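Q: Going down the list, the sequences are from chains A and B.
Going by my numbering, the first sequence opens with residue 1, and the numbers climb by one from there.
Going by my numbering, the second sequence opens with residue 1, and the numbers climb by one from there.
Since the hints were made in silico from the structure, they are not lab data.
Predicted, not measured: the structure shown is a model, and the values here were computed from it.
One or more of the hints may lead you astray.
Said to hold, decoys possible - Here are some chain A residues pointing at chain B (derived, C-beta under 10 Å): (1) 45; (2) 46; (3) 50; (4) 65.
To be verified - Listed next, the in silico DMTMM-like pairs over lysine to aspartate or glutamate satisfying Cα-Cα at most 20 Å (straight line): (5) B:383 <-> A:48; (6) A:27 <-> A:12; (7) B:237 <-> A:66; (8) B:465 <-> B:477; (9) B:38 <-> B:23; (10) A:83 <-> B:344; (11) A:27 <-> B:420; (12) B:269 <-> B:279; (13) B:98 <-> A:26; (14) A:61 <-> B:390; (15) B:89 <-> B:70; (16) A:65 <-> B:241; (17) B:237 <-> A:48.
To be verified - Calculated Cβ distances over 12 Å to all of chain A for the following chain B residues: (18) 17; (19) 150; (20) 213; (21) 267.
Glycine residues also receive a C-beta, built at the ideal position from the N, C-alpha and C atoms.
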Amino acid sequence: MSQPKLTTAEIEKLAELAKIQLTAGEKEKFATQLTAILEYVATVNSVETGAAVFKSQVDTKNVFKDDVPGVSLSQTDAVSQTKNKNGYILINRVINEKH
Amino acid sequence: MKNTKKLFALTVKEALAMLNSQEISALELTEAVLARIKEMEPEIQAFITVTADIARAQAKAVDAKRIKGEKLGALAGIPFSMKDVYNTKGVQATAGSKVLEGYISPYNATVYEKLLAADAVLVGKTNCDPFGFGTSTENSGYQVTKNPLDTSRVPGGSSGGAGAAVAYGGGLFAIAEDTGGSIRCPAAFCGLAGLKPTYGRVSRYGAIAYASSFDTVGPIAKTVEDAALIMQIIAGKDELDATSSDFAVPNYQESLAKPLKGKTIGLPKEYFGEGLEAEVKEVIMQAVARFEKLGCQVKKISLPLTEYAIAAYYVIAPSEASSNLARYSGIRFGHQVPAETWKDVMMQSRGTGFGAEEKRRIMVGTYALSAGYQDQYYKKAQKVRALLKEDFLRALTEVDVILSPTMPMLPFKIGDNTADPLQMWLADVFTVTLNPTGLPGLTVNAGFSKEHLPVGMQLIAPHFKEEVLFNFGYQYEQNI
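Next up, chain A with everything else stripped away, as it sits in the complex (with noise of 0.2 Å):
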């Protein structure tokens, strides 16, 4: 199967979903490399798999454990790396954007 070249709009819908920003320059290399890559694995098409289901690596069950309280990160902790004040995480507001 040969995979058109991806388009620079097809780049720019995948890093949006992928929540990163590319520089003009990556979107014109990450087009080309993308589409030999994807034209690459998609040769796992080309294998007759019928009703094959994968499983897990190690066929294990169900794994429970007893739900009891552990020992977890203290809020210092959990907080300590980012920018935070009187144990919360401080971010930009979300409510009131132009979008």
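Dock chain B against the given chain A, drawing on the hints supplied.
A: Leaving out everything else, chain B in the frame of chain A:
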């Protein structure tokens, strides 16, 4: 017999004997390793963070326990490194990506907890391709690690820092991570032993995720015997990782000395065809001949889906990665770009924090999972995965182990394979095939090329049969 090797060059087994007889102290050994790191790092660049203070404090604590006659752990005083994908409290964990620069782990990975309980000594965190995305460590957001055996060449990847560190003596062993060959490739390229355990054999808790259904935690060591010692400590069920198995952990040391007479080795014909470098093949076939001398029978087998395994891998692994890496939003941790709206923060933090390889894999995964393409890519690849697993399990009913080259080529030159990302992905053809199946694989140094570059051979056994791999690997090392 007195050991005349330099301290940093000792195996874990040798160092334990000297520590236990009090010929050396843990602090002396740690200082020797730290001095070696200082000497080698300017050129090799295996470490992102060296934890000299932690190492000295841990080594002193081991020596104090020994003096007081307190019970010591099985790896007491042994310096080691961890790939920078593991959380170790209070230390930076970057996963090799700029998106996590400056992130300080607020907790410990289970594998680190287990090694701490065994009184091992952490000397640093090693460089890698970001999130494990690579075969040469050249994708790292921080530095290019050189192969200590030939500094014009790559150490392999993604755990290239781990391989290089063990090869030059920057720690007696390393904990690395294997999602698609990332332990086996650098171990092979650096002339070492490396084990990708069965999926679920070692807890993944606290390991920064790449592809959760493939990720495995394992050792890189100088010898198979050392790798077995380390696995004894880190294997086992962990309540914090629901995919970790409660399958009993056998005594690995007991398996090492078993004779191989009458055992069967399978050579998959698909692994010895086009694309395999002649010198690699030659060394591997000499290794096969040695196994025959040890009384093994060699049987030709077939793994017909080999050709499609790598394609299936590169659909499923990027799909899982695109989901796992969604957490790098510029909000909770890591690289943050201030902007007006939350969406701009996210788009710009990811746009500037991720390197090209992270972006490529996230976008391939996003594509494969998106509406309209999911059946054609992700679901189809999962079906191929099911058949691939059946292929391997069928082959493993005919033979005790499968033997193949670990990598199809010798360690390549830095910069040689960076122009075409797809070609770099294809270099993983013999290693990535195991990750979708969950099977364990051990790479052992099989020998060297004419230019004295190492050639790794990969041994594959059924699920949870790591002891069989250690048996074969150890017997090989003892008989060359």
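Q: Each hint needs a verdict: does it hold in this structure or not?
A: A quick look at each hint next to the structure:
At about 6 Å, the closest approach between the beta carbon of residue 45 (chain A) and any beta carbon in chain B falls short of 10 Å, and the interface hint on this residue holds. Among the interface hints, the one on residue 46 (chain A) holds; its C-beta lies about 7 Å from the nearest C-beta in chain B, closer than the 10 Å criterion. With a least beta-carbon distance of about 8 Å to chain B, the hint placing residue 50 (chain A) at the interface is held under the 10 Å criterion. For residue 65 (chain A), the interface hint holds, the least distance from its beta-carbon to any beta-carbon of chain B being 6 Å, beneath 10 Å.
Of the supplied pair hints, the one linking residue 383 (chain B) and residue 48 (chain A) holds, its CA atoms being roughly 9 Å apart against a limit of 20 Å. Distance check on the hinted pair: residue 27 (chain A) and residue 12 (chain A) sit about 7 Å apart at the alpha-carbon level, within 20 Å; holds. About 15 Å separates the Cα atoms of residue 237 (chain B) and residue 66 (chain A), which keeps this hinted pair within 20 Å; it holds. With a CA separation close to 19 Å, the supplied pair residue 465 (chain B) and residue 477 (chain B) stays within the 20 Å bound.
With a CA separation close to 24 Å, the supplied pair residue 38 (chain B) and residue 23 (chain B) exceeds the 20 Å bound. For the given pair, residue 83 (chain A) sits about 17 Å from residue 344 (chain B) by alpha-carbon distance, which is consistent with the 20 Å threshold. Proximity of residue 27 (chain A) to residue 420 (chain B) is assessed by CA-CA distance (about 16 Å); at most 20 Å being required, the pair is judged to hold. A distance of roughly 17 Å separates the Cα atoms of residue 269 (chain B) and residue 279 (chain B); the hinted pair therefore holds under the 20 Å criterion.
The suggested pairing of residue 98 (chain B) with residue 26 (chain A) holds, with an alpha-carbon distance near 17 Å, which does not exceed 20 Å. Simply put, residue 61 (chain A) and residue 390 (chain B) have alpha-carbon atoms about 18 Å apart, close enough for the 20 Å limit, and the pair holds. Distance hint between residue 89 (chain B) and residue 70 (chain B) is unfulfilled; the C-alpha atoms sit about 25 Å from each other, more than 20 Å. Simply put, residue 65 (chain A) and residue 241 (chain B) have alpha-carbon atoms about 11 Å apart, close enough for the 20 Å limit, and the pair holds.
Between the alpha carbons of residue 237 (chain B) and residue 48 (chain A) the distance comes to roughly 37 Å, so the proposed pair goes past 20 Å and is violated. Residue 17 (chain B), annotated as away from the interface, keeps every beta carbon of chain A farther than 12 Å; the closest lies near 36 Å. Interface exclusion of residue 150 (chain B) from chain A stands, the closest Cβ pair being 29 Å apart, more than 12 Å. The beta carbon of residue 213 (chain B) sits about 7 Å from the closest Cβ of chain A, which is not more than 12 Å, so the claim that it is off the interface is violated.
Residue 267 (chain B), annotated as away from the interface, keeps every beta carbon of chain A farther than 12 Å; the closest lies near 23 Å.
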